[in-house]
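When we follow the numbering used here, the leftmost residue of the sequence shown carries the number 19, and every step to the right adds one.
No lab work stands behind these hints: they were computed from the structure.
Misleading hints may appear alongside valid ones.
[Claimed, not checked] With a cut-off of at most 20 Å between alpha-carbon atoms, the simulated PhoX-like pairs for lysine-lysine come out as follows:
hint	residue 1	residue 2
1	K218	K89
2	K218	K230
3	K89	K237
4	K256	K218
5	K237	K225
6	K258	K230
[Stated by the list, open to error] Label-pair ranges, simulated between beta-carbon atoms:
hint	residue 1	residue 2	range
7	Q273	G227	15 to 25 Å
8	K230	Q155	18 to 28 Å
9	D188	S151	34 to 44 Å
Using N, Cα and C, we set each Cβ at its ideal position, and we do this for glycine too.
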Amino acid sequence: MNQKLNLVLFFLALTIIAPLHLPMVIAQTTQVQNNSNQNGEKDVDDTFDKSDEDPPGIGNNGTTRWNRWEKAFENVFNQSDEDPPVNIKDGTTRGDSLCLVSPGLIEVEGKIWNTRPIFIWQGKLNRIEIRPSNKEQVLWTFDIQENEEIVDYSGEELEPGSTYRWRIFDSTNSIAGMQQRTFSIMDVEEHEAITQDLAKLDRDLNKQGATKEAIAFAKVQFFAERNLWSDALSEVFKVKEPSMELEAFRSNILQRLCQGDQN
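Using the sequences and the accompanying hints, generate a full structural model.
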């Protein structure tokens, strides 16, 4: 009888003591997890905003992905007196139906990094060609397909420290170009330094499991911080399967750039 009574009292004591100790156990477990993170163990989600993987709309930080892309380019349109000048030229011709965007529309000092640039415009044209600025030699020519407004340069790699012209034609048989833009590849030393920094950035992001769009956004920020706006814009259009937000931003940024000099 005494043995049964002792067992009953023992289990009764457990039901009273266990809830008192449970919060302490939870607190200790949480502290261990926090200490682990403080010791340098990071998830990819800690490095990149998880909204890159969220459905279209509002991310977990209360902003849309479109807003983040727009913010990266805000210095193109909102410059202080201390900012280096962003040279937004008149990019339109033929009654404002054609706008040559990049390269040549938004550069600081007319320089870009990419030795295989992406050519971006709005409007209709038939052909573009690339020449050295001081020669009539044609380095590369490309016939434009209908509704095509972006072309990857696929000719011989352009040389750092050199200046080039891209000319546009409204007919494949035209002799005189309608319009041209001049752009320069930055000098060798600066080009090499940026190439190395970009390679490291790319390795780090891939190691952390970043998505292609997250990597593109990081590179946009990289170029924007250095006022290399044509290179930043190129990264925007390199993403092969853009999110809805990025697709909307692409259209919006081109409209703003082409209309900016008219406002």
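Here is how each hint holds up against the structure:
| no. | hint | in the structure |
| --- | --- | --- |
| 1 | K218 x K89 | 24 Å, violated |
| 2 | K218 x K230 | 16 Å, holds |
| 3 | K89 x K237 | 14 Å, holds |
| 4 | K256 x K218 | 19 Å, holds |
| 5 | K237 x K225 | 15 Å, holds |
| 6 | K258 x K230 | 9 Å, holds |
| 7 | Q273 x G227: 15 to 25 Å | 34 Å, violated |
| 8 | K230 x Q155: 18 to 28 Å | 36 Å, violated |
| 9 | D188 x S151: 34 to 44 Å | 22 Å, violated |
Comparing the model with each earlier hint shows violations of hints 1, 7, 8, 9; every other hint is respected.
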